[in-house]
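Positions 22 to 340 (the working numbering) are the ones given, in order, by the sequence shown.
It is possible that some hints are incorrect.
What the hints assert, rightly or not - Computed list of lysine-lysine pairs in DSS-like fashion (alpha-carbon distance at most 27 Å, straight line): (1) K288 / K273; (2) K245 / K294; (3) K288 / K226.
What the hints assert, rightly or not - Restraint ranges, calculated between C-beta atoms of paired labels, are given here: (4) E182 / T83: 25 to 33 Å; (5) G329 / K88: 15 to 23 Å; (6) Q264 / A331: 23 to 31 Å; (7) A243 / T119: 16 to 24 Å; (8) R161 / E282: 31 to 39 Å; (9) R58 / Q141: 14 to 22 Å; (10) S266 / T119: 23 to 31 Å; (11) Q32 / G120: 49 to 57 Å; (12) D240 / L81: 20 to 28 Å; (13) R161 / G56: 15 to 23 Å; (14) S160 / N214: 37 to 45 Å; (15) D158 / G89: 45 to 53 Å.
Just so you know, the hints here were simulated from the structure itself, not pulled from any lab data. Each residue gets a CB set at the ideal place from its N, CA and C atoms; glycine is no exception.
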Amino acid sequence: MPSANNLSTTQQIPLTCSGHTRPVVQLSFSKFISGNRYMLISACKDGKPILREGPTGDWLGTFLGHKGAVWSAMLNADTSRAVTASADYSAKIWNACTGEETVSLAHDSIVKSADFANAQGTQVITGGRDKLVRLFDLSRPDSPTTLTKHDSALRTVKYIEHQNLIVTGSEDSQIKLLDIRSNTEVKSLDTINPITNVSLTHDGKLLSCAAGNKAMAWDMEAFKMVLDLELDFPVSVVAVNPQRSRMVIGGKNDLLIRSCEFDQSGKVLETHKGHHGPVHDACFSPDGEIYATGSEDGTVRLWQTNPGTAYGLWQLRKI
C-alpha cells in the first residue's frame with residue numbers, strides 16, 4: 022500500500038501563483054489554442070476567479086461579479102468564454118477576452134459546479150446543493166432543462182464532448198453518466214465512499230475519482246475500471262496525465278503532493294511539500310508536461326511532471 026510519507030531525493034521548486042485571498046478549490050487548464058498556447062483558470066472562495074497563462078502562471082485577468090465563494094471555473098474549447106459556479110446562487114458566463122459578464126444563470130441554492138456542454142460554449146450544465154443537474158441553452162437562459170436528480174448534493178458536473186455524455190458526481194457516493202441527447206442514464210458508478218473530487222483527462226477518455234482512502238479511475242470508452250487503489254490516508258484529489266503514465270494524488274489531512282505511477286502499484290515517484298494547507302484540486306496541462314495544484318493556503322502552484330526537462334521557468338536543487 023503506498024505510504025503517505027515517501028520523499029524524493031530531488032526537490033522541485035514550483036512556480037507559485039498568488040492573487041487569491043482565500044482557499045483555491047478548483048483548477049482547469051484549457052485545450053491548446055492558436056500559437057500552441059493554453060490557459061489556466063482557478064476558482065476560489067474569495068469569489069474572484071482568475072485567468073492565467075498556462076505554462077507560466079502569469080496573471081491575465083480576474084472575473085469580478087460574484088457575491089459569494091466560487092466553487093468551479095471552466096473554459097470553453099477556444100477559451101473565448103468562461104463559466105463559473107458560485108455560492109451566490111448563480112452560475113455566470115464571461116467573455117474570457119475582456120472579463121465582461123455576459124449571462125447570469127439564477128438558481129435556488131448554492132451552485133457547486135458548471136461546465137460547457139458543447140464546444141461552442143452555447144450550452145451549460147450546472148449542479149449544486151439542490152441535487153439537480155440542469156442544462157441551459159444560453160439563447161434562452163431562463164428556461165433550463167432538468168436532466169436528473171441525485172439523492173444528495175452535487176459536487177461536480179463535467180461534459181465529455183466526443184461521447185455527448187455528462188458526468189455527475191454527488192455526496193451520495195455515486196457517479197452518473199448521462200447521454201445529453203436523449204437525457205438517459207448510460208451508466209452509474211458506485212464509489213462506496215463519499216466523493217471528494219472527480220477529474221477527466223483532456224481527451225475525456227479517462228475519469229478519475231478521489232473517494233475516502235481510494236484513488237479510482239475508469240476508461241470512458243469501455244466504461245471499465247482501470248484503477249482501484251487503496252491508500253493509507255484520506256484522498257482529496259486524483260488527476261491523471263494525458264499519457265496515462267502518471268497521476269497526482271493529494272491528501273485531505275496533510276500538505277503533500279504525490280506524483281505516482283498510474284497503475285495498481287501506485288508507486289510514489291516524488292513527494293512535494295510546497296503548500297501551507299491541504300491540496301483541494303490538481304490538473305495536468307494539455308501536453309502533460311506540468312500540473313497545477315490549488316490549496317487551502319490560497320495559492321496555485323505549477324510543477325513539472327518530469328523535473329529537469331527544458332520546459333518553462335523551473336529550477337531544481339539537489340538535497
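| field | Structure versus earlier hints - violations, ascending order | value | 2, 5, 6, 7, 8, 10, 11, 12, 13, 15
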